[in-house]
Amino acid sequence: MFNTALTISDLGFLAQGALMTLAVTAVSVAAGTVLGVIFGVVRNQLGAYWSAPLTFLLDVFRSVPLLIQLVLGNAFQSIAKLGWPPFTTSCVVLSLYTAAYCTEIVRGGIASVPPTTRRAARSLGMTWWQDMRYIVAPLATRVSLPSWIGLTLGVMKDSALVLWLGLIELLRASQVLVTRLQEPLLILMICGAIYFLISFPIARLGGYLEKRWSND
Amino acid sequence: MFSYTFHWNQALKALPQMLDGALITLQVALLSMVIGLALALALTACRLSGNRVLGGIATTWIEIARNTPALFQIYMAHFGLGNFGIHLSPYTALLVGIAFNNAGYLAENFRGALKAIPDTQTRAGRSLGMTPVQAFRYIVLPQMLRVAFLPATNQMVWAILMTSLGVTVGMNSDLAGVTQELNARSFRTFEFFALAAVIYYVIAKAVTLAARVLASRLFRY
Amino acid sequence: MIEIQNVRKSFGSLEVLKGIDLTVEKGEVVTVIGGSGSGKSTLLTCINGLEPIDAGRIMVDGTEVHAKTTDLNKLRRKVGIVFQQWNAFPHLTVLENIMLAPRKVLGLSKEKAEEIAVKQLTHVGLGEKLSVYPTRMSGGQQQRMAIARALAMSPEYMLFDEVTSALDPQLVGEVLDTLRMLASEGMTMICVTHEMKFAREVSDRVAFFHKGVMAEIAPPEALFGTPKDPELQKFLAATH
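Protein chains in written order, with the working numbering: chain S, 12 to 227; chain E, 41 to 261; chain X, 11 to 250.
These are computed hints drawn from the structure, not numbers from a lab. Keep in mind it's a predicted model, so treat the numbers as computed, not measured. Incorrect hints may appear among the rest.
[Claimed, not checked] Facing chain S, according to a computed beta carbon distance under 7 Å, are these residues of chain E, among others: (1) Thr45; (2) Thr108; (3) Pro109; (4) Leu111; (5) Gly120; (6) Gly122; (7) Asn123; (8) Ile126; (9) Phe227; (10) Thr229; (11) Leu235; (12) Ala236; (13) Tyr240.
[Said to hold, decoys possible] Below, in silico cross-link-like pairs of lysine-lysine (BS3-like), each with a Cα-Cα straight-line distance of 30 Å or less: (14) Lys92(S) - Lys155(E); (15) Lys129(X) - Lys155(E); (16) Lys84(X) - Lys155(E); (17) Lys129(X) - Lys114(X).
[Unchecked claim] Pulled from the structure, derived: some chain S residues nowhere near chain E, Cβ distances all over 12 Å: (18) Gly23; (19) Val45; (20) Gly84; (21) Ala86; (22) Pro96; (23) Met137; (24) Leu156; (25) Gly161; (26) Leu164; (27) Ala204; (28) Ile209.
We treat Cβ as the ideally placed atom computed from N, Cα and C, and that holds for glycine.
Just chain S, same shape as in the assembly (with noise of 0.2 Å):
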């Protein structure tokens, strides 16, 4: 290629950075996805009346911003003397920035089973839990899995910002050796192919199964 001071080391560096991005948003999409579906389920059941407190707290995770959820997720381990290391902390508040979207996702795919459906399970003698079981979840997880893979890659660059409590992940990495090398511009479109081999074949994946689970 071109001049550039760029070794194999510090691509090593980049690569340890991406690893440090995907390992944030595995567990935080593994726990925020479990809390939504609890969440989902709580909401459909308690309807909207009941559920309107939990409703509203969800509604916080999604209209502060996630910087600011993380600096305050970050102040209050800190008060409350938990001892987290950033990497714990950043997952927690994550995670249930990740669970306020997937409730609403995981309440939308249960709203969208038809009420004759699952009259027609229960008629059959199916107990609640059965008809959740292999009449709800199949269905709901058909209408909700494109929408879920996008919150998915929406969290995986989210996770970027956990750089501001000192984690080294993708884009910090980047940062770190843009100061060093003054070489923005190439570090940077490293980074963003990185970020871009993630995520697009998972975004493709997401396509495929809205276009084929929307005909039938």
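Let chain S serve as the given structure and place chains E and X on it in line with the hints.
Quick look at chains E and X alone, frame taken from chain S:
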């Protein structure tokens, strides 16, 4: 567990300063939306033009905007352009980054809206003797705007939240920036940022509400 | 006068019109019947110039529809069409739906367009619905609105493409009544329809389409009373 004493008074005393910051936040968000909308229209036109070069540029723009972090896009504007000898102030870099992001998402939104209007509508217009331009202007476009409106207001809320990223490139005049400066002087992190969170929440809700009122005025069908 | 001469039309490898000849005189009402996929709807969209044709020609008052020099937008003012799906413009009120084309295409003033629209809407029995949005009306009402929308351009010919096929059975009557009224007023019409009773009542001639060919055309008494084509006999036996 909490041996910490909260000092809310200190934060409340700084409220006027923070509200000034909130105005800058709104200003950046609004500007970025106006620029983003104009760019999104241009990108949509490029995509529909049938020209491969223009279409390629538009697609690349949209994919980068949607597949990389907003913070990355702001870094690109702040650090990346330095390679060309362009050194943007934190304010400008933030504005450029968010406008770039808005344009990509809005262009995708426009495409979806365009697809949502069935061809039969154009056909009905043409069957009455309208030219293709007339059918688009009077039949497709008004319906498209309605479909695109709600996602566009969501993007506006996103733009407001994204402005908080300015602090990472040294922005100190917007709400997040002001809060960070106050925090650096007093170390009352929780109090100041909690207040900032409340202000962001109120702004986001106010914008959503205003958009809903506007929508019910604009689209009465 | 509409003259259709040896018109052929294919969609990909599927030939839907295999050389159609038909002349419709001023003031005549011709209905077209036949099974689905017989090409009858395609013929209507070709007459209006919404679909190109592969061979043959269609003349409206001596103007060749598919000639390059023909101003289709001008021609379409003369030839109105109403579709199976009424295609109401959902963002406009009923009155605005009717006024749009007269204002933008004919360049009429707002007052004049409104006068025409009110007249046409009253004509089809929607005089009370002027400021309603179409999505708040029944399918039958929306279809009558679509008819009024086409009539507002003062067309000399009207094409009706299975205008009752998408309607609930109890709404079919009101739309057919509107068509009967137009026929009795002397409008030149080509109606593609599945309503045999209606075809028998209003038509001067009935054409039977089968697999892209016009298998038989005759006045209704002859076509329904003494059908000659074996496919037509089968078709009539099946629909009775």
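Hints versus structure:
no., hint, in the structure
1, Thr45, "10 Å, violated"
2, Thr108, "4 Å, holds"
3, Pro109, "4 Å, holds"
4, Leu111, "5 Å, holds"
5, Gly120, "5 Å, holds"
6, Gly122, "5 Å, holds"
7, Asn123, "4 Å, holds"
8, Ile126, "11 Å, violated"
9, Phe227, "10 Å, violated"
10, Thr229, "4 Å, holds"
11, Leu235, "10 Å, violated"
12, Ala236, "6 Å, holds"
13, Tyr240, "5 Å, holds"
14, Lys92(S) - Lys155(E), "54 Å, violated"
15, Lys129(X) - Lys155(E), "35 Å, violated"
16, Lys84(X) - Lys155(E), "28 Å, holds"
17, Lys129(X) - Lys114(X), "18 Å, holds"
18, Gly23, "20 Å, holds"
19, Val45, "24 Å, holds"
20, Gly84, "10 Å, violated"
21, Ala86, "4 Å, violated"
22, Pro96, "17 Å, holds"
23, Met137, "37 Å, holds"
24, Leu156, "19 Å, holds"
25, Gly161, "10 Å, violated"
26, Leu164, "8 Å, violated"
27, Ala204, "9 Å, violated"
28, Ile209, "9 Å, violated"
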